[in-house]
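Q: Letter by letter, the chains look like this.
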Amino acid sequence: MSDGAEQSMVYVVDDDASLREALLDLFASVGLDALAFGSPAEFLRHKVSETPSCLVLDVRLPGLSGLDFQAELAKAKINLPIIFITGHGDIPMSVRAMKAGAVEFLTKPFRDQDLLDAVQRALEQQRARQTQQKSEADLEARFQSLTQREQEVMTLVATGLMNKQVAGELGVSEVTVKVHRGNAMRKMGATTLADLIRMAQALNLNHRE
Amino acid sequence: MFKDMRTGTKLLVLCGTFIVAILVPVYALVAEKRLAVDFARKELSGSRYLTAVRAAYGKILRADGQSASSSVVEQELAAAESLSAGKFQSAALSQSLVSAVRDLGSGPSASAGTRTVEALTRAEALASRVGDDSNLALDPDLDSYYVQNIVVQKVPTFLGQLARLQDYVENSITSSAQARSSSIQVPIFAGLLRSTSDELKENAEAAYRGNADGRLKRAIEVPFGKLISSLNAYLGALTAKAAGVEARDGVPIERLHKAAVSDALSAWATAHAELDRLLQQRIGDLNRKMLFGLALIGLVAGLSIFIALLTHHHIVRPLERLEAVALRVREAKDYSLRMKYRSNDEIGRVTAAFNEMLAELATARNREMAQQAELARATRLTTMSEMAASIAHEVNQPLSAIVTNGNAGLRWLAHATPDLNRAQAALQRVVREGQRASEIVGSVRAMFKRDTQNRSRQNLNVIVEEVLRLVREDLQSANITLEATLDDDIAEVLGNRVQLQQVVLNLITNAIDAICAAPPDRPRQLKVKVLAHDPSGVLVAVEDSGPGIAQQDAERVFEPFFTTKAGGMGLGLSICRSIVEAHGGRLWASPGTPHGTAFMFTLPESDGSEA
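For the record, the sequence lines run as chains V and U. The first sequence runs 1220 to 1428 under this note's numbering. The second sequence runs 28 to 638 under this note's numbering.
Just so you know, these hints were derived from the structure itself, not from any lab. Heads up, a few of these hints could be off.
[As the list claims (entries may be wrong)] Cβ-Cβ distance ranges computed for the label pairs, FRET-style: (1) Pro1311(V) to Ser363(U): 47 to 53 Å; (2) Met1317(V) to Glu401(U): 33 to 39 Å; (3) Gly611(U) to Pro1311(V): 54 to 60 Å; (4) Pro1311(V) to Glu466(U): 28 to 34 Å; (5) Ser465(U) to Asp1357(V): 54 to 60 Å; (6) Ile602(U) to Pro1311(V): 31 to 37 Å; (7) Pro550(U) to Pro1311(V): 52 to 58 Å.
Source: prediction; values computed, not measured. Quick reminder that beta carbons are idealized off the backbone N, C-alpha and C, glycines included.
Model the full assembly from the supplied sequences, consistent with the hints where possible.
A: Listed below in structure tokens is the structure:
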């Protein structure tokens, strides 16, 4: 658990102080950093960590149910994997939670391993998502560093057109297209045409305006 | 106005109108008959007067043999005149007749015949006047008309003519100067007499025709026959004498005349008696017809009243009973009541429809009650499941903490170097949470078991005042007047303050709901009383001016899940009774005065020991 897990953070929102305390101790015993809050409002006042993190959320909360809170987080574009815990879970409630993207739905009292597994899964998921988000952001930054003409050429090449065809589309000579294409591949860091096409797909160029 | 009358009154008005309508012809009938009867009575009184006149004739003609003294005749005439009370305008004529009768016996005997003729002329005039003025001459019936004509006119005329003839005969004997003319005069007088006797005969015949029963004919035929024959004998003798044949069979003319006069008088008397009889008979007939008419009308009226009574019995009475049943149903809400009335008329059909409606209402009400019971059961189940869920959640919370803490402790111990401090802390939390779970279970048990803990000495005045403070705003906004009577000398009771407050609050809240459900014209009043209860203890009464509780519901309101309120759960009074009984007291309901309901509970006096 010490492999890079030091950076991760588990947030707990539950109105029962005893359970909060027990959960913090449990996470501590497996070396997970954790923070606990008595209500959603308290949690929102805290800045969510940039590091991989997840939320252990009680369904029954004072003022706002956990499920509603989940919806609110989604609306606020706070992308945080959620593990629900509840005293009296029922099937419709768990289905709703899972459809809304919950990682796990646990009924109290739960087995500690189930909770810890769910937390690990959530953190992995978050970590993977963050990595993907990072690479997508890199790719986008590289794409933005291309000139207007280079971007046009890259978009058309990615659709499978030959240099001659691209030149015809844009009304320039084939030589010019070759130069732009070479610049684009260099700037994007693509070693092969296949690489470039994959990047174009990741950037969703075909469907951009 | 007529529309709003009770049906019985309407029928009475109809009956009254009908009776008035019947009284009008009754009055007309009686008036008409009375008029006719009075007419006949006047005729009868004239006839009675004529009796006196007839007596005067007897005196004048000395036909009654020994001849009554003239004073008797005078008295009779005077009596008749005073009886008639001047109705016939006959006083002067009567007076002149009386003086003529007085003169009869005086003066020279040679002129006796002339005086007799004079007296007869006056008597005839009196008879004629009485006949004219006593309605006799206007007699409406055929038989009595001709009989009265005989009695009033023809017989007096006849007697007058007879007397004049005799007077002439007697004078012609004594006076030779007149003897010569006798051969002419006698046939003239005889002709007049015959004509009168013919008229008598004709009148008699006409009267017989008008008298169907023949009684009249039987009575007067013989005397008048005798009159005619004795007249014929007399006239025969006179004719013979005039021809020079003297008294062939030896009977003197004087005697023949006397016989004729006597027969005329007796025929007259008979006819007169018949006239009286006919008049009496007419009066009797008229009275009988009137009585018959009245009896007929009375019968019809009686029949109508009988029909009105029948109508009352078959329309008004059933309607009243229908009304009474409807009223009872509305007040007692007893839909098992039925109206008993069998008939094929409209009321019978209305009754049948009404009974059917009641049956349908009863069914609907039963259905509604079943639904309510079903709802109550469902509510109870929901409540219980909710309560169970709530208890489960409460207990689950510490159990989760225990499990989590236990797991954490195990993990601390499982480390390569077991962290005993953290493990110990986790175990301490396990213990703490275990105790917490136990407390929750204990409090749940306390909720279901009667809480005899936490009891202390309480003053109910204080508790009631506190509750009244709580509901003051509700009372004001519902516009309810509060009448609170507290007794400073009450004993203290041993009890749970919160529970007793709950009881009082529940009763007062119920009372406010009841007052708000009462008809708007009632006074909105809440009475709360705290007083010492015999032998020792306290009584609290909460009385409302609401619609009250039906007799059959007075005990049911304390059953769990029974409610009379639209949104009520039906638990309040049941819990109140449990609390009061757990305190050794009693809670009951009784009707309020003049309306509403009074809830009362008693609590025993504290014996000084505290639980």
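Q: Hints first: check each against the structure and report whether it holds.
A: Now for the hints, and whether the structure bears them out:
1. Pro1311(V) to Ser363(U): 47 to 53 Å: holds, 48 Å
2. Met1317(V) to Glu401(U): 33 to 39 Å: holds, 37 Å
3. Gly611(U) to Pro1311(V): 54 to 60 Å: This hint is violated: roughly 49 Å between Cβ atoms.
4. Pro1311(V) to Glu466(U): 28 to 34 Å: At 33 Å between Cβs, range holds.
5. Ser465(U) to Asp1357(V): 54 to 60 Å: For Asp1357(V) against Ser465(U), whose Cβ atoms are near 58 Å apart, the range 54 to 60 Å holds.
6. Ile602(U) to Pro1311(V): 31 to 37 Å: Given about 34 Å between the Cβ atoms, the range holds.
7. Pro550(U) to Pro1311(V): 52 to 58 Å: holds, 54 Å
When the structure is compared with the earlier hints, a violation turns up for hint 3 alone.
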